Amino acid sequence: MYQALDHGRIQTEALQQIWVKTLLADLPAAEPLWISVNATSIARPDAHTSQARGIIHVSNLPRAAKPISVGWQFSTMMLLPEAASSWVGILDQQRIPTAQTAIEVAIAQLQALIPLLQRPAILLADRWYATSAFLRACQHLGIQVLIRLKSNRRLYRRSGN
Numbered sequence: 001m002y003q004a005l006d007h008g009r010i011q012t013e014a015l016q017q018i019w020v021k022t023l024l025a026d027l028p029a030a031e032p033l034w035i036s037v038n039a040t041s042i043a044r045p046d047a048h049t050s051q052a053r054g055i056i057h058v059s060n061l062p063r064a065a066k067p068i069s070v071g072w073q074f075s076t077m078m079l080l081p082e083a084a085s086s087w088v089g090i091l092d093q094q095r096i097p098t099a100q101t102a103i104e105v106a107i108a109q110l111q112a113l114i115p116l117l118q119r120p121a122i123l124l125a126d127r128w129y130a131t132s133a134f135l136r137a138c139q140h141l142g143i144q145v146l147i148r149l150k151s152n153r154r155l156y157r158r159s160g161n
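Going by this note's numbering, the first residue of the sequence shown is number 1, and it counts up by one from there.
These are computed hints drawn from the structure, not numbers from a lab.
The structure presented is a predicted model; accordingly, all values stated were derived computationally and were not measured.
Hints may contain errors.
As the list claims (entries may be wrong) - Using C-beta positions, here's what the derived DEER-type ranges look like:
1) Q139 <-> L27: 16 to 26 Å
2) P67 <-> T98: 10 to 20 Å
3) A99 <-> P32: 26 to 36 Å
4) A99 <-> L141: 17 to 27 Å
5) Y2 <-> K150: 14 to 24 Å
6) L141 <-> Y2: 35 to 45 Å
7) R154 <-> E13: 33 to 43 Å
For every residue, glycine included, the Cβ atom is placed at its ideal position computed from N, Cα and C.
Produce the entire structure from the sequences given, and follow the hints as far as they go.
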């Protein structure tokens, strides 16, 4: 058994297809899905042997003089429930490598996820996803996007025509 675990491989694409199909099984096919994306930090300051830790923002630490730590980040795509609830269906979760940004990982997640949904989707995202690269990727994938903006954010019209 240990040899099988040591040499075994999980077919992540097939597993994700089955998982998404199961989550969507009881939802009406005609209505758009509400999904969200979020990047979460997990502080691991004392895990010196853990691989690929990076500098992360950690708010509300009682003993922290600065809101930074060392740890990992994860990008999570969630299927939001129809009724208000703290429970969500996790469609995909990926670790954000230190060589990539949360935006890059989220775009890759959407590119893999949207074909599996087989219906329109509306994506909710927080303010740091309001970048031109992310919005272009969502437009290319046919996703409607609702993003929270910072209160001091300024929007400008394109000059010229």
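Structure-based check of each hint:
1. Q139 <-> L27: 16 to 26 Å: Taking Cβ atoms as reference, Q139 and L27 lie about 24 Å apart, which means the hint holds.
2. P67 <-> T98: 10 to 20 Å: 19 Å, holds
3. A99 <-> P32: 26 to 36 Å: Between A99 and P32, where Cβ atoms are some 34 Å apart, the hint holds.
4. A99 <-> L141: 17 to 27 Å: 23 Å, holds
5. Y2 <-> K150: 14 to 24 Å: Between Y2 and K150, where Cβ atoms are some 51 Å apart, the hint is violated.
6. L141 <-> Y2: 35 to 45 Å: 41 Å, holds
7. R154 <-> E13: 33 to 43 Å: This hint holds: roughly 41 Å between Cβ atoms.
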